[in-house]
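2 protein chains.
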Amino acid sequence: METFFRYNWQVREEWYRWCEDVPGEELLRVRTGGIGGILHTLFHIVDVEWSWIQVLQGKQDFQESFDGYNSLEKVRKLDADFRQDVKTFVQAWDSSMETRPFYDPKPDGTVYIDAWGEVMRHTIAHQIHHIGQLSIWSREIGKQPVSPNLIGRGLIKPLVAK
Amino acid sequence: METFFRYNWQVREEWYRWCEDVPGEELLRVRTGGIGGILHTLFHIVDVEWSWIQVLQGKQDFQESFDGYNSLEKVRKLDADFRQDVKTFVQAWDSSMETRPFYDPKPDGTVYIDAWGEVMRHTIAHQIHHIGQLSIWSREIGKQPVSPNLIGRGLIKPLVAK
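Protein chains in written order, with UniProt numbering: chain G, 1 to 162; chain S, 1 to 162.
Heads up, some of the hints might be wrong.
No copy labels: a pair is met if it fits in one copy or bridges any two.
Said to hold, decoys possible - In silico DSS-like pairs for lysine-lysine, Cα to Cα no more than 27 Å straight-line: (1) K157 x K87; (2) K106 x K162; (3) K74 x K59; (4) K77 x K59; (5) K59 x K87; (6) K106 x K157; (7) K74 x K143; (8) K74 x K87; (9) K157 x K143; (10) K59 x K157; (11) K59 x K162.
Since the hints were derived computationally from the structure, they do not count as laboratory data.
Note that the structure is a prediction, hence the values are computed from the model and not measured.
Could you build all of it, start to finish, from the sequences and the hints given here?
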């Protein structure tokens with residue numbers, strides 16, 4: 001589980017660096033599909049990752065809108081503020097948590113039950129999906145996107161015979 | 001590991017069904033970013049998933065180009081032909097395979113070593129990333145994309161106290 005989170009954190013850092021060379025108006029421009037903009041997408045990823053980890057622990061999710069975080073600096077700061085909470089939770093993950101039920105009551109009274117293992121994988125896939133969208137918008141503004149490759153990052157050390 | 005593959009297979013089936021209502025020229029149209037088109041992307045996902053599983057087993061990867069598979073029917077058939085190989089490998093996955101080394105020699109003589117666990121996660125992330133791109137192109141042609149949600153699919157059964 002942790003490997004995917006470390007991958008997502010690395011990729012996010014690389015997108016922040018990518019953003020440094022892009023004019024602010026391009027980062028904020030409203031685009032077709034997804035969450036509708038580059039920086040807004042990065043904000044949304046940070047929001048959703050932290051929020052799921054919070055609600056699994058019975059805590060309040062993130063309630064603020066992008067309006068208060070519409071600069072690269074602010075999104076990076078939010079991400080840094082949230083990261084330790086997520087890291088602590090992910091590092092304490094063990095297989096007994098996979099099937100633990102998360103009760104998700106809806107306004108109409110229905111209660112959905114998701115396994116914690118599903119919620120964690122949902123959070124992982126959520127970022128990767130949105131990063132795919134950034135890669136399209138990146139090409140639209142004529143810039144090479146960040147590599148989405150998971151291999152080659154040294155995330156798992158292979159066991160090589162001596 | 002298997003949960004993510006089952007997720008990817010479900011999502012792929014849903015995109016094939018999504019394609020059924022889209023004119024062939026839209027599926028084949030060359031687009032900005034990614035692999036450059038909707039059906040080509042689905043072909044590429046199928047190719048890459050099977051190829052990685054093959055090379056981990058020391059077998060030949062897929063060498064054919066999209067030219068021979070440029071219809072929904074042909075991509076679906078290719079996917080069906082490959083699926084059992086991938087499924088068998090994924091279902092036999094165990095944690096001892098995580099750090100097994102995969103030797104990847106490059107034309108310049110360099111040999112990269114990736115852990116099998118990285119290769120498997122790379123394959124998973126590869127599809128999710130490209131599906132994110134499809135979601136943008138879907139909106140561009142005015143159609144709602146397939147839901148990328150991983151929760152709500154019954155992929156892991158929560159352990160609910162009676």
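Taking the hints in turn, this is what the structure says about them:
1. K157 x K87: Both ways: K157 and K87 sit 20 Å apart in one copy and 25 Å across, limit 27 Å.
2. K106 x K162: between (56 Å within a copy, 22 Å between copies)
3. K74 x K59: Answer is within: at 23 Å inside a copy they meet the 27 Å cutoff, but 48 Å across does not.
4. K77 x K59: Within one copy, since 21 Å is at most 27 Å while 47 Å is not.
5. K59 x K87: This pair counts as within: shortest intra-copy Cα distance 16 Å, inter-copy 38 Å.
6. K106 x K157: Classified as between: cross-chain Cα gap 20 Å, same-chain 43 Å, threshold 27 Å.
7. K74 x K143: within (23 Å within a copy, 33 Å between copies)
8. K74 x K87: within (20 Å within a copy, 44 Å between copies)
9. K157 x K143: Classified as neither; 32 Å inside a copy, 43 Å across copies.
10. K59 x K157: between (35 Å within a copy, 23 Å between copies)
11. K59 x K162: between (48 Å within a copy, 25 Å between copies)
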